[in-house]
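On the provided structure of chain A, position chains B, C, D and E with the ligands as indicated by the hints.
Chains as they are written, first to last, in this note's numbering: chain A, 14 to 434; chain B, 14 to 434; chain C, 3 to 257; chain D, 3 to 257; chain E, 35 to 364.
Note that these hints are calculated values from the structure, not bench results.
Errors might be hidden in some of the hints.
In silico DSBU-like cross-links for lysine-lysine, where the CA-CA straight-line distance does not exceed 35 Å [as the list claims (entries may be wrong)]:
| id | chain 1 | residue 1 | chain 2 | residue 2 |
| --- | --- | --- | --- | --- |
| 1 | E | LYS154 | B | LYS191 |
| 2 | D | LYS205 | C | LYS205 |
| 3 | E | LYS143 | E | LYS73 |
| 4 | B | LYS191 | E | LYS193 |
| 5 | B | LYS191 | E | LYS308 |
| 6 | C | LYS210 | D | LYS205 |
| 7 | E | LYS129 | B | LYS191 |
| 8 | E | LYS330 | E | LYS205 |
| 9 | E | LYS312 | E | LYS154 |
| 10 | E | LYS290 | B | LYS191 |
| 11 | E | LYS312 | B | LYS191 |
| 12 | A | LYS320 | D | LYS161 |
| 13 | D | LYS210 | C | LYS205 |
| 14 | B | LYS320 | C | LYS161 |
| 15 | E | LYS129 | E | LYS335 |
| 16 | E | LYS308 | E | LYS47 |
| 17 | E | LYS69 | E | LYS205 |
| 18 | E | LYS205 | B | LYS191 |
| 19 | E | LYS143 | B | LYS191 |
This structure is a prediction, so every number in the text was calculated from the model and none was measured.
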Amino acid sequence: MTDRSEVIKQTDLETPTDLRDERLIGRQGLRGVAEGLLDRIRGGDLGVLPVVIGLIVIWSVFQALNPIFLSSVNLVNLTLECAPVGIIALGVVVVLLVGQIDLSVGSVSGLTSAVMAVLFVDRGLPAWLAILSAIVLGCAIGWIYGQVFNRFGVPSFVITMAGLLGLLGVQLWVLGAKGSINLPFDSGLVSFAQLAFVPAWLSYVFVAVAAAGLFASGYAHARRRRQASLSATSTRLLIARSALVLVGLGVVVWYLNQTRGVGWMFVLFLALVLVAHYVLARTRFGKSIYAVGGNAEAARRAGINVKAVYTSAFVLCTTLAAVGGVLAAARLAAVNQSSGGGDVNLNAIAAAVIGGTSLFGGRGTAFAALLGIVVIQSISSGLTLLNLDSSFRFMVTGAVLLLAVAVDSVARRSRASHGRA
Amino acid sequence: MTDRSEVIKQTDLETPTDLRDERLIGRQGLRGVAEGLLDRIRGGDLGVLPVVIGLIVIWSVFQALNPIFLSSVNLVNLTLECAPVGIIALGVVVVLLVGQIDLSVGSVSGLTSAVMAVLFVDRGLPAWLAILSAIVLGCAIGWIYGQVFNRFGVPSFVITMAGLLGLLGVQLWVLGAKGSINLPFDSGLVSFAQLAFVPAWLSYVFVAVAAAGLFASGYAHARRRRQASLSATSTRLLIARSALVLVGLGVVVWYLNQTRGVGWMFVLFLALVLVAHYVLARTRFGKSIYAVGGNAEAARRAGINVKAVYTSAFVLCTTLAAVGGVLAAARLAAVNQSSGGGDVNLNAIAAAVIGGTSLFGGRGTAFAALLGIVVIQSISSGLTLLNLDSSFRFMVTGAVLLLAVAVDSVARRSRASHGRA
Amino acid sequence: MSILSLRGITKTFGAVAALTGIELDIDSGEVVAIVGDNGAGKSTLVKILSGVHAADSGTISFESAAVDISSPADAHRLGIATVFQDLALCENLNVIENLFLGQEMRALRLDDVAMEVRSWELLRQLSAKIPSVRTPVASLSGGQRQTVAIARSLLADPKVVILDEPTAALGVAQTAEVLNLIERLRDRGLGVIMISHNMADVKAVADKVAVLRLGRNNGTFAVGEVSQEDIVAAITGATDNVVTRRAQSQERLRP
Amino acid sequence: MSILSLRGITKTFGAVAALTGIELDIDSGEVVAIVGDNGAGKSTLVKILSGVHAADSGTISFESAAVDISSPADAHRLGIATVFQDLALCENLNVIENLFLGQEMRALRLDDVAMEVRSWELLRQLSAKIPSVRTPVASLSGGQRQTVAIARSLLADPKVVILDEPTAALGVAQTAEVLNLIERLRDRGLGVIMISHNMADVKAVADKVAVLRLGRNNGTFAVGEVSQEDIVAAITGATDNVVTRRAQSQERLRP
Amino acid sequence: AGQGESASAQGAKIAFLMPDIASTRYELYDAPLFKAKMKELCPTCEVLYQNAGADAAKQQQQANSALAQGVKAIVIDPVDSAAAATIVQSAQAQKVPVIAYDRPIPAAKADYYVSFDNEKIGSLIAKSLVDEVNNKGAKGGLLVVNGSPTDAAAGLIKKGIHTSVDASGLKLLAEYDTPGWQPNKAQEWVSGQIAQFPGQIAGVVAANDGTGGGAIAAFKAADTPVPPVSGNDAELAAVQRIISGDQYNTISKPIKIVAEAAAVIANDFAQGKKPAAKTTLFDTPSELFTPTVVTKENVQKELLGPDGALKVADVCTDAYKAACDKLGIK
Ligand SMILES: Nc1ncnc2c1ncn2[C@@H]1O[C@H](COP(=O)(O)OP(=O)(O)OP(=O)(O)O)[C@@H](O)[C@H]1O
Ligand SMILES: Nc1ncnc2c1ncn2[C@@H]1O[C@H](COP(=O)(O)OP(=O)(O)OP(=O)(O)O)[C@@H](O)[C@H]1O
Ligand SMILES: [Mg+2]
Ligand SMILES: [Mg+2]
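With the rest of the complex left out, here is chain A:
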């Protein structure tokens, strides 16, 4: 018995602090990374991999059915169509993370876009002011939700369902006698959503900066960890990762640049996802979101202002819904009574869930919104290219959706059998 504990003491000096437990199955270098990955796959700890695989399956099928699906033109369309609802879904992710729900994102996006249109077109306010007002309104709605939730403890399902109905009423009232408002095609807002693309050279610069940034931050982090005698990703691995990102993103961007390129609206969406990811993963506020979603009582006992966290989650959600609504209006170049209606709600929530956010709170990442909306829009776009009856269109949508998520199956099943359910 004693000999083993001596082994520990000997290795103490060489092994990084966090790898000293002798039960850890040690692995080194690139090979070790691959083995660890395989281990995680077997253990069902796959992160976003299943969804990505589901996506690849969908893409292959649609491409086989209609070769235009993966054409550059269509992919450019796809990116642009993802942005508005994707941004809304990003807000939904935040609300789901604290274990609540917002059923009213559609209505919020509809109402705020209506207010924006009325101010901009009817009242002749400058575009930026109209947009700002819309966003402030979105913010205010979330704040009210937060107050009602914190003070009365009404379930967020009911609050936001009341919001869904009430705000739709306000939207109809705001649009009033007009019913439908055109946004001028030559306004900056509409051009931004329809015609503004990143110049090819700039898009490559973006890719290069992203790859370089990833490497730089990874390297700095690894150095600090090594200095603190903790295990760290090897420089070789960091280089490999950045190279992968460089090539991967580079190819995608090059392909999109074959036609119109990368839309600024999509860049905005990506930027919001990255910011949200940073906030959720790397700030105290982000941690408190996860804590409240995981165990609100424990978070409260840790001294976190749980009410403030709920309020800010609602505010973030409705604010992002307002941004998404404005962009959706800009893309359609019109606002009407059905703006924000239809399946905006369902799609935004479904995107968050498909991307892996739990409805029970505490689990999910900002990337869920990106992945989920790409899945949903891919299905929708793929079906657009097939000339189907609407009855079959619905059936296929349902089936493909299920298929995309069922790839998770392998992951989850093995996860459960490995005791991580």
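Below, chains B, C, D and E with the ligands alone, put in the same frame as chain A:
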């Protein structure tokens, strides 16, 4: 110290087993009941009381605005309109109790009613066979949900969203070019939903039987408890309770009998609620539903077949959705592409939640469906009596909904401050 | 003849090898204590025995026949009743409902009077201080919950009872009752596995002590032939450990 | 001078009177043990002190000033750190995240390297056997979790540390470390409240023992002047109790 | 309820039940115009206006509630023509006359039918668009964007569109039923078709102005020239697009005339009179009106005249000033 424990020993012989703990604040008789009730109200343990109060508030307001609201005619309409969606909500309660959700109840009800109509009207099958087929179809859909859920672990949100879309497609396909099918007015099914009312005398018999049954079962139970030297409700209290039910229900029935009376469809709904209540509260299966919803892993460790419970919850939900769909079709005497669409889904789920069912599983009763749907239909019916613009109609609906549930506020807040959150 | 025996049980969680080649035998009418440091793998072993986790490799035999315990229901069927360390109670259900979960009396018309009577009996037997059996478990104290979990394992007529740190949250009186209970179970010929960090309790009721260390067997001792210090040494992997040092310094302080 | 003193604290839950007129004083540099049967109200008292529940009546004074502790944040602000019996960890977060919850280093750009280093330090100090601090708490063993909860209470610089059954799930080595730790805290002049069912531990580290019985004060003793039997008698409310009976029968059995 | 025989309409209530809010016309035109005319005919009468939000069951609830309030006549634009039969039945059982408005109720004999018919509308807009495409001699085929697959009225329009498109000899490239009439769905679908049939789309038949607007936005967003696109409903926004040349046509329904005719008939029924039939359709006494296709050429005359449904000031906002001037609209 010793004297106190002697006190316990002395009282042992007189006090019922379950009231011997000396920390229990003892109370006796009717007065004790009232005090206990007051205590529960202060402690926030109010059960359905807040929702009932919310309902009374809504009713008073609408009655003040339009005296027809509480007229016998309108209440009869209200009861009949509650039944179809109420039955669907009953199924939703079961699914929510196991901590899952079914977004597709609307589509299921639409599809099954379409199948029923095609078989009954187009194929000329006897009504009972057409209805049975529809119900079996509903059953099968739930079974498939259960299988997909258990085998692949796809979140029920995604499965049933796929169902929502896919089944709508099937519904359109089943209805085909016709789009809309009339059910003959003289068919038993349509008369049942539109014209079949309980004869006045029979309705009073029902009330009497209900009151007597309540007393008899309560009395038998109390006797068994007393024999087992457990505390029991006093006979006086039992009589009081039954008398209250007799008078309360009697007045309601009498009032409805002023015009058309109590519809058989509503009686069916009530019967289903009572059966569901019995199953949930008084059978092993019911307890396993609550256990799975409260802590699925604990239930599994207790040897409960958790997968079977999930499957049966889904089956119950879709089966009840099928029943609700058939009744909705009968009430409308037609089936079309939008059957089951609109706000059936939202209303059914909202009814369950408003009635007090938790979206997180394990909390709620069958009566939630009844109360919730009455709240929703009251709002809807009250608003049709007010001559409002659509925009205001939506706003008022949202506001009233919030109000109705916010009465819970007092309850929940004090509950939390009493450590029962 | 051993009622339950394990051979080469191994289990890994991701990169952590929680159990490696565990061997263990339990006879009827015997109390086996499993001891070990935190994270030694005791609860993992218990979960494998009760069908909560599946072992990665290794065999389990029950009454000399190889068995496959792939779900808790399987374990129940074999007659293995377990009190889990995390108790595994449903917080939304009350005490009676938790006690009888999955084994309610009269499936189609629950006999709540009989169940309540039986509940009070069981709880009284364990000296439980629970004011009412109709409150949800969520509002019970830690010890009250543990008592409920222990009472539950006695309901069905098990052949093997596994108790994972059953007395951790119990008061002195309740602990004494549970130790009495374990002795009664042994006398009735059941096999009992008890996990505990309390060496005094282990010495008091166990016949055999199996030590786990970092997921591996680290010796099995007959209780009569080993001192408390030896067991602690086997647990910590050294004779010179914080426990002995502390004991020494305490001795120095108090005359 | 007492750093914390309670007068007439009362709390009822529905029909259950959990605490009635509790009085208690804690001095700086003093370890007060609160003992009592299961359901005696110990954890309820702790929750009132740490702002989780509000007392129905009674006053709390901290450093001689009456204070109103209406939320856990208030308690943190006063310098009261608590290890709860149910630990109150977020299962979805990993060990580091739980340790630093609400007090992360650098709010806007978390310093995860520094936090990881500090985590390992704290855990090593408590002899924790946790393979990795980046696994979610959900996958830790019972004792590992308890260690995390204890480590957390030491992070901020508290004036009063409340430990509700801190060693219930700990192994022998970890228990010894925690007892050492409590002594170090006392020596640094902190007030420590410890709840425990283990009389040996209580006798070892406490200066004063307060006994609760069925929600009421049932005597306060200086540890030096009272025997273990007396404390048990105060807890169970009788000198002739199951513990003494069991001890006697054990003595009779073993020569 | 049930005393429909009273000789005077004094203080009578009349229900006006509209089907949905997906089209702006019911809220903006039909209801206010009907109410105004009613007020003129019978100042003490009360109009109970309800909108069913495209839900047949809700419409039934609204009708029942109207009956409970003792209305003297029901004017109904059914969500589902088949399902509305129940409403007719229960109303007539209580001796309350039912006037089918806009859409017929073939399955049960209403007391009167006032309308233009949706099938005709579909065929008119499609015909006008086909003619324009042929005139321009554009190559390629047509896209058809129908209304909601769950909306009965959309089905009628679709049928009408097909009679014209199928007869035109133009190729039907692809067809789509827009869920919930949503413009953004229409936009998304048309975007896909632009990718699939680059340069081959000679025109788009859209079943209403909203979906038409979506189709136009798709072409704009793809940075390709907008081919002729149809519409229906003569919404303000659509009229602006017609003036600016983005949209080819829409259709103006003489809502004022129809709504007023319905008011007159309802008033007659409320007074216990039986209005005479102008013609008979579906075995029901009927009065039918013909809608007019509106293009750039006749927009001023049809919609912006002194009696027109729209005001020049509303249409010719800053953004459309130049286009209005070009057409000589003041
Ligand atoms: N579900 C799981 N997922 C991942 N790792 C796990 C899981 N369960 C246990 N482990 C790990 O396995 C090891 C053994 O855990 P186990 O619970 O068996 O310890 P234990 O001996 O019961 O400890 P304690 O005395 O603290 O209860 C621990 O390092 C723990 O982190
Ligand atoms: N939130 C609550 N709601 C209702 N009753 C409660 C609640 N919390 C505690 N109680 C009751 O108050 C009494 C005291 O509980 P408490 O948790 O304080 O006991 P304890 O002394 O900590 O016991 P243990 O030693 O078992 O931890 C118990 O009877 C318990 O059932
Ligand atoms: Mg353990
Ligand atoms: Mg406690």
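Are the Cα atoms of LYS191/B and LYS308/E separated by 35 Å or less? holds, 34 Å
For the pair we were handed, LYS129/E and LYS335/E, check the Cα-Cα distance against 35 Å. violated, 43 Å
Regarding the pair LYS312/E and LYS191/B, is the alpha-carbon distance no greater than 35 Å? holds, 30 Å
For a C-alpha distance cap of 35 Å, please report whether LYS308/E and LYS47/E respect it. Cα-Cα ~17 Å, so holds.
Next pair to validate is LYS191/B with LYS193/E; report whether the Cα-Cα distance is within 35 Å. holds, 12 Å
Compare the distance between the alpha carbons of LYS320/A and LYS161/D with 35 Å, and conclude whether the hinted pair is satisfied. holds, 27 Å
Is the straight-line distance between the alpha-carbon of LYS290/E and that of LYS191/B 35 Å or less? holds, 32 Å
Compare the distance between the alpha carbons of LYS143/E and LYS191/B with 35 Å, and conclude whether the hinted pair is satisfied. Measuring from Cα to Cα gives roughly 20 Å; hence the hint holds.
Would you check the hint for LYS312/E and LYS154/E, treating anything up to 35 Å between C-alpha atoms as holding? holds, 19 Å
Assess, step by step, whether the Cα of LYS330/E is no farther than 35 Å from the Cα of LYS205/E, and give holds or violated. holds, 25 Å
Are the Cα positions of LYS154/E and LYS191/B separated by 35 Å at most? holds, 19 Å
Holds or violated: LYS210/D to LYS205/C, with C-alpha atoms at most 35 Å apart: holds, 29 Å
This entry does not satisfy hints 15, 17, going by the numbered hints stated previously.
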